[in-house]
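Read top to bottom, the protein sequences are chains U and V.
Numbering-wise (this note's numbering), the first sequence opens with residue 529 and increments by one.
Numbering-wise (this note's numbering), the second sequence opens with residue 529 and increments by one.
Hints in this document: simulated from the structure, not taken from any laboratory.
One should not assume that every hint holds.
Now the stretches of chain V that chain U is said to cover, found in silico as 3 or more residues with beta-carbon under 8 Å [said to hold, decoys possible]:
no., stretch
1, 655-662
2, 671-682
Listing some non-contacts, in silico: residues in chain U with all C-beta distances to chain V over 10 Å [to be verified]:
no., residue
3, Leu564
4, Ala566
5, Gly604
6, Ala615
7, Pro700
Think of the CB as a built atom: it goes at the ideal place given N, C-alpha and C, for glycine as much as any other residue.
What follows is each chain in one-letter form.
Protein chains: 2
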Amino acid sequence: MTIRALVFDVFGTLVDWRSGVAREAARLVGPLAPNLDAGAFADAWRDRYQPSMERVRSGERPFVDLDTLQAESLPGVLAGLGIEGVAADVRAELVQAWHRLDAWPEVPDALVRLRTRFFLAPVSNGHVRLMVDLARRNGLPFDAILGAGYSRDYKPKPALYRDAAAAFGLAPEEVLMVAAHSNDLAAAARHGLSTAHIARPHEHGPAGGETGPSVLVTHAASDLADLADRLGC
Amino acid sequence: MTIRALVFDVFGTLVDWRSGVAREAARLVGPLAPNLDAGAFADAWRDRYQPSMERVRSGERPFVDLDTLQAESLPGVLAGLGIEGVAADVRAELVQAWHRLDAWPEVPDALVRLRTRFFLAPVSNGHVRLMVDLARRNGLPFDAILGAGYSRDYKPKPALYRDAAAAFGLAPEEVLMVAAHSNDLAAAARHGLSTAHIARPHEHGPAGGETGPSVLVTHAASDLADLADRLGC
Chain U
529 MTIRALVFDV FGTLVDWRSG VAREAARLVG PLAPNLDAGA FADAWRDRYQ
579 PSMERVRSGE RPFVDLDTLQ AESLPGVLAG LGIEGVAADV RAELVQAWHR
629 LDAWPEVPDA LVRLRTRFFL APVSNGHVRL MVDLARRNGL PFDAILGAGY
679 SRDYKPKPAL YRDAAAAFGL APEEVLMVAA HSNDLAAAAR HGLSTAHIAR
729 PHEHGPAGGE TGPSVLVTHA ASDLADLADR LGC
Chain V
529 MTIRALVFDV FGTLVDWRSG VAREAARLVG PLAPNLDAGA FADAWRDRYQ
579 PSMERVRSGE RPFVDLDTLQ AESLPGVLAG LGIEGVAADV RAELVQAWHR
629 LDAWPEVPDA LVRLRTRFFL APVSNGHVRL MVDLARRNGL PFDAILGAGY
679 SRDYKPKPAL YRDAAAAFGL APEEVLMVAA HSNDLAAAAR HGLSTAHIAR
729 PHEHGPAGGE TGPSVLVTHA ASDLADLADR LGC
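Can you build the whole structure from these sequences, using the hints too?
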């Protein structure tokens, strides 16, 4: 069956969250913490990402968006790094760091190419406003915003993958889930979606990133331009 | 408070549903019904639009999208006009007529102007794929697709207006609901949204259309370009 739509993981796959969060942390927290390791700050915050979503996935609490979860986990990140005295308005501004991330360099042009043949939408754990801010900042030409906001849950819950196909009125295999994370692709494949892995060897800075899929995928690409080549765009 | 996002009714406000449906009916049904009044066909189909949604609004049935409702109401439209023998594949193609509507002439350029200052999204009773097809056909630069697909209900239920503000992380009054229908704007205002009426005197062909609002609105405009002027774009 032919691919008709591409849906994207965003944090790590389309945008470089670590550099962007570190940049904003250096700007906002640096003056208060002269010895700040901004990359470690970004890593520590990201480490709290999965556990914070788990309470929503499990049904323990109703859906709240990622801004809310990031705001809730921030005090623990600061305390864990021994940083004190960050005012509420600065903490709120730090949460906005996630709205100010830069795309990996090849992404905007590759999406423009892919858009000539496919519908494009994020299926991210970020909500509508977060995706819209990233799309506007980086010129990402999405047709729609799907994912956590649309499905009121977090990946890898089935709704996010199923809703993505249903929103476009397509069979699951007509939808290609594109991600730099094998676990996301494994979940998408369980719900019948086609899958494409994008290598992001620098996602975690010195700690690396996935250089290739650890699960069976439909396509494995070195970056998004390579995927556009492989799909004939 | 300042307006940050514009959300749009689509059928009648941004696109000319009557001419488009009539054009497709003439093409697909005309050969079977030489005396077809294609405009009356479009009107008869649109007349079934509100009652079909009411069963979802009332909770009598779970959410189904507008393609499903249009497909269900089509046999009654055909029978009511004395048209027989329309094959299933032609009926399915007729449902696609709603995906092939043309924007009112000033709309694409006006949206490009409005996009320079505001977030833009449809809040229509049409679902994601329907909105995406209309956006692609007409070059409508939406940031996100909200409305029935996002809220799994139909206007004027409160969720559609409330979810529109929440999706953008805005206060209701920061969101301007734009519609050619006073009842839609009255509902939006009840939930705190700002409102703009667009005159569409030809929406219903010879039966006219709203030339101005019958309720109090924030802005009343002669068309979308006039609204862009009034908003300083």
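Each hint, compared with the structure:
no. : hint    : result
1   : 655-662 : holds (count 5)
2   : 671-682 : holds (count 6)
3   : Leu564  : 28 Å, holds
4   : Ala566  : 26 Å, holds
5   : Gly604  : 23 Å, holds
6   : Ala615  : 21 Å, holds
7   : Pro700  : 15 Å, holds
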